[in-house]
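Number of protein chains: 2
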Amino acid sequence: MISAMNEREFLKQYDKSAFEQPMFSVDNVVLTLGKGELEVLLVKRGEHPFKDCWGLPGGFVDLEKDQSIESTALRKIKEKTGVEPDYIEQLETIGNATRDPRDWSITTVFTALIAKQRCTPTDENVVLANWFAVSELSAMTLAFDHTKIIQRALKRLRDRATYSLVPCALLGEKFTLSELQKVHELILGKKLEAKVFRRRVENSGQFEETGEMTSGRGRPAAYYRLRSGTDAFNFEFIRTV
Amino acid sequence: MISAMNEREFLKQYDKSAFEQPMFSVDNVVLTLGKGELEVLLVKRGEHPFKDCWGLPGGFVDLEKDQSIESTALRKIKEKTGVEPDYIEQLETIGNATRDPRDWSITTVFTALIAKQRCTPTDENVVLANWFAVSELSAMTLAFDHTKIIQRALKRLRDRATYSLVPCALLGEKFTLSELQKVHELILGKKLEAKVFRRRVENSGQFEETGEMTSGRGRPAAYYRLRSGTDAFNFEFIRTV
DNA sequence: TTGATTTAAGGGCGTTAAGCCAATAAGTGG
DNA sequence: CCACTTATTGGCTTAACGCCCTTAAATCAA
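Here the protein sequences line up with chains A and B, keeping their order.
Letter 174 of the first sequence, counting from 1, is numbered 204 in this note's numbering, and no numbers are missing.
Letter 79 of the second sequence, counting from 1, is numbered 109 in this note's numbering, and no numbers are missing.
Hints were generated in silico from the structure; no laboratory data involved.
The C-beta atom is built at its ideal place from N, Cα and C for all residues, glycine as well.
Any given hint could be a false lead.
Label-pair ranges, simulated between beta-carbon atoms [to be verified]:
| id | chain 1 | residue 1 | chain 2 | residue 2 | range |
| --- | --- | --- | --- | --- | --- |
| 1 | B | 193 | A | 221 | 39 to 47 Å |
| 2 | A | 250 | B | 224 | 45 to 53 Å |
| 3 | B | 177 | A | 203 | 33 to 41 Å |
| 4 | A | 181 | B | 181 | 26 to 34 Å |
| 5 | A | 250 | B | 188 | 40 to 48 Å |
| 6 | A | 228 | B | 229 | 39 to 47 Å |
| 7 | A | 223 | B | 113 | 46 to 54 Å |
| 8 | B | 229 | A | 235 | 22 to 30 Å |
| 9 | B | 225 | A | 233 | 22 to 30 Å |
| 10 | B | 158 | A | 181 | 53 to 61 Å |
Part of the chain A face toward chain B, derived, beta carbon under 10 Å [stated by the list, open to error]:
| id | residue |
| --- | --- |
| 11 | 54 |
| 12 | 98 |
| 13 | 164 |
| 14 | 194 |
Please take these sequences and the hints and turn them into a complete structure.
What follows is the structure, encoded as structure tokens:
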């Protein structure tokens, strides 16, 4: 194999633009469930540009460590949260001359869902990485176009919540249908009919009862889990658990 | 603004991986309607690797000419077909260490739909760029992972055909509902009910009659066109006409 | 001219899914 | 045991979908 730099020198003969490559990075919109609200994982930037601004956890492909851009995304998330997300999906790629004040820049954005209790809050990171309620974001100025990216990720999540049950990845291993319904209501910002929602879950065939029941106030609810071996969601996604 | 190379030198201080960037390109799956079959635009590669193989029209971002990766996609399509497509949509980004035999490589793939009659077949290009029926592809060996990419683009198009009317971009300015239905049947590979299809078109509110009618065998059909000012499709796409 | 043929467009109806409201079930806390 | 809370299900209304058949409006062949 020819080394990357030699390769570019070679290509330069044919196509001058092949040499001057734009910067390529990966960014992640990592979402979890806070107290009654969606939260997004942000990191404080230590370098310019946007030094000391909060921004999405991401970074550059490591040609040695990473086999694919999905690996890059997962690696960066793991560095910040300590775990692999329950669901990750490619959102879109944004590349233009204006999003980075310095120069042309390209980023492939991934949306990841993760159960809050699965995150290990490493103390040393807590000042550099933090969860923010999405409602707080309007009062914050994030790095680059990250505010807009988060909005697009939330829109995609709303779409998913309307015609899929992907948001279950925000809950843990097991959950009740009421909990899942509340998550959907939170994402969609409106109440859903319990009967209709239960029908959706049953007809999907993606879930099964664990046999366990909740305890506490009110009638106990049945716990459900993702049916094992199910190719759970009809989307391009990477299941990591 | 600091130049790109200086920028990379600067970044290198903080993150060594920032310097060694993978190659980034844009590829296009340009689809049109042939005689009773979908056709995809391919170009014969003049350089290694995969020299003399057919592959997707694409290339590298030109930092001077292009304002965004969408511009890159449209520019490359225009170079090959002479026109801008009626519909273009970002499909996905594939980046890994194996798709290019030489080295790490990333490509953002766009799917474009274009009416065949709007393409200007430039004679000088005809040996280098050609339309191929999608059924022919199984007998061909394309460059890189382009065969797989085309399959994914066709799957996306099938998805679109089931819950949207995006495929109308494969027809010209005006078309009858029967023509549109036949396109959908071609994409989906199955017959559709005329009544159901007409209802879908009407309920969408995206189309209007032109007032003109067809002539020829059988009862004349009403011509329809995309309603102007309609934010026609609920997807991330770039309308160029 | 007339009828056969062809394609377009719409009417009618049974089946299925969605939406809505209320009843019932099964716990906890006094 | 009763009040309260939450879960789950029953049943009805309404809308959408699928299917078939009729009608409309042209061409084509005698």
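Between residue 250 of chain A and residue 224 of chain B, does the beta-carbon spacing fit 45 to 53 Å?
-> Given range 45 to 53 Å: holds, Cβ gap about 52 Å.
May I ask you to test the interface hint for residue 98 of chain A with respect to chain B, counting a Cβ-Cβ separation under 10 Å as satisfied? Since the shortest Cβ distance to chain B is 4 Å, the answer is holds.
Is the interface hint for residue 194 of chain A satisfied, with its Cβ closer than 10 Å to some Cβ of chain B?
Violated. Min distance 13 Å.
>> If I claimed the Cβ atoms of residue 177 of chain B and residue 203 of chain A lie 33 to 41 Å apart, would that claim hold in this structure?
In response: Given range 33 to 41 Å: holds, Cβ gap about 39 Å.
Legend entry - Distance restraint hint 26 to 34 Å, applied to the beta-carbon atoms of residue 181 of chain A and residue 181 of chain B: 32 Å, holds
Within 39 to 47 Å: is that where the Cβ-Cβ distance between residue 228 of chain A and residue 229 of chain B falls?
Between residue 228 of chain A and residue 229 of chain B, where Cβ atoms are some 29 Å apart, the hint is violated.
| Can we keep the residue 54 of chain A interface hint, with Cβ of chain B closer than 10 Å? | Cβ of residue 54 of chain A sits 5 Å from chain B, so the hint holds.
- prompt: Between residue 193 of chain B and residue 221 of chain A, is the Cβ distance one that fits in 39 to 47 Å?
  reply: 25 Å, violated
Handout entry: CB-CB spacing for residue 188 of chain B and residue 250 of chain A relative to the 40 to 48 Å hint
Key = 44 Å, holds
Does the Cβ pair residue 225 of chain B, residue 233 of chain A satisfy 22 to 30 Å? 26 Å, holds
| residue 164 of chain A as chain B interface residue, shortest Cβ-Cβ below 10 Å | 21 Å, violated
Honestly, do residue 229 of chain B and residue 235 of chain A meet the 22 to 30 Å range at C-beta?
-> 28 Å, holds
Of the hints listed earlier, those the structure fails to meet are numbers 1, 6, 10, 13 and 14, in rising order.
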